[in-house]
Structures are given as C-alpha cells and as structure tokens.
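Given only the sequences and the hints, what does the whole structure look like? Please build it.
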Amino acid sequence: MTIGKVCNREVVFIHAQASIPETARLMREYHVGDLVVIKEKTGKRVPVGIVTDRDIVLEVIAEGVGMDDVSVGDIMSNNLVTAQENDGLLETIKVMRAKGIRRLPVVNDDNELVGILSVDDLIDLLSEQIVDLARLIAREQGREKAVRK
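Each number in this note's numbering corresponds to the 1-based position in the sequence shown with 667 added.
By construction, these hints were calculated from the structure, which means they are not laboratory data.
Honestly, I wouldn't trust all of these hints.
Claimed, not checked - With a Cα cut of at most 25 Å, we get these calculated DSS-like pairs of lysine-lysine:
| # | residue 1 | residue 2 |
| --- | --- | --- |
| 1 | Lys766 | Lys706 |
| 2 | Lys711 | Lys672 |
| 3 | Lys672 | Lys761 |
| 4 | Lys766 | Lys672 |
In this text, all values refer to a predicted model and were calculated from it rather than measured experimentally.
Okay, here's the thing in structure tokens:
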C-alpha cells in the first residue's frame with residue numbers, strides 16, 4: 668500500500684510570512700494542530716516546513732514574544748521530511764519512527780504538496796486492519812467448528 672492511497676488530501680497550509688494570530692485562527696477554524704508551511708513555485712505549493720500549536724506555545728507564548736514580532740517562518744520546523752505519494756506504508760512508518768515525526772507532508776514527483784500523513788491516520792488505518800484480521804480468525808474458527816460437528 669502506498670502513502671498516496673492513505674494520506675489526507677485536504678491539507679491546511681500557510682505561507683512563512685503569515686502572522687501567529689492568523690496561524691492560530693486557521694488551526695481553530697480547521698480543527699488541526701499543525702499547518703504545512705509552503706512556498707509558491709511556478710504555481711505549485713512546495714512544502715518548506717511545518718508549524719504546530721506546540722511551536723506557538725513554546726516559541727512565542729512561553730518565551731513572552733509578541734505575536735506581531737515573529738512570523739510563521741521564524742518558528743516553523745525547518746528540517747522538513749516529506750514522503751513521496753508512491754512510497755510504501757511500512758517504509759514510511761519506519762522513517763517517521765526513526766526521525767520522531769508525527770506529521771509528514773506528502774509530495775508528488777514535482778515536490779508539490781498533495782497530502783499529509785499523521786500518526787493518528789496511521790493508527791486508524793492499522794487498527795482497522797487488525798480488526799479485519801481478528802474477524803478472519805474468528806470466522807475460520809467458526810467454520811472449523813461447523814465442519815467438525
């Protein structure tokens with residue numbers, strides 16, 4: 668299974684020059700804890716970072732920095748790791764675990780933002796798969812009992 672098949676294609680994004688209050692409003696409006704920071708290149712949205720609600724708390728509020736004194740680009744995570752939409756699911760999980768990443772922008776072959784993958788999405792997907800396996804086991808046991816009677 669590829670990342671492109673399981674990622675969320677509705678990505679909330681923002682530009683690096685955006686203000687912190689604007690960022691917080693978008694997070695509240697869309698009920699998300701992160702925004703992908705993009706740069707427009709030839710009409711394409713290219714991810715350059717991620718800003719989280721935790722970044723706002725730790726880098727702005729806890730430090731007593733004025734909300735109008737910094738922009739998203741000042742507090743975003745710069746060491747961005749992305750996944751290609753044709754990357755495999757298990758390999759991507761290994762990368763996320765190794766890098767300690769909970770949210771991963773997904774890009775196409777042109778490095779254009781096409782989705783985002785979160786740990787929450789993965790837990791939902793994998794728990795569905797585990798339930799399916801458990802039902803398979805129960806079904807097989809039931810069938811075996813019926814055949815042996």
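Do the hints match the structure? See the list:
no. : hint              : result
1   : Lys766 <-> Lys706 : holds, 23 Å
2   : Lys711 <-> Lys672 : holds, 21 Å
3   : Lys672 <-> Lys761 : holds, 18 Å
4   : Lys766 <-> Lys672 : holds, 22 Å
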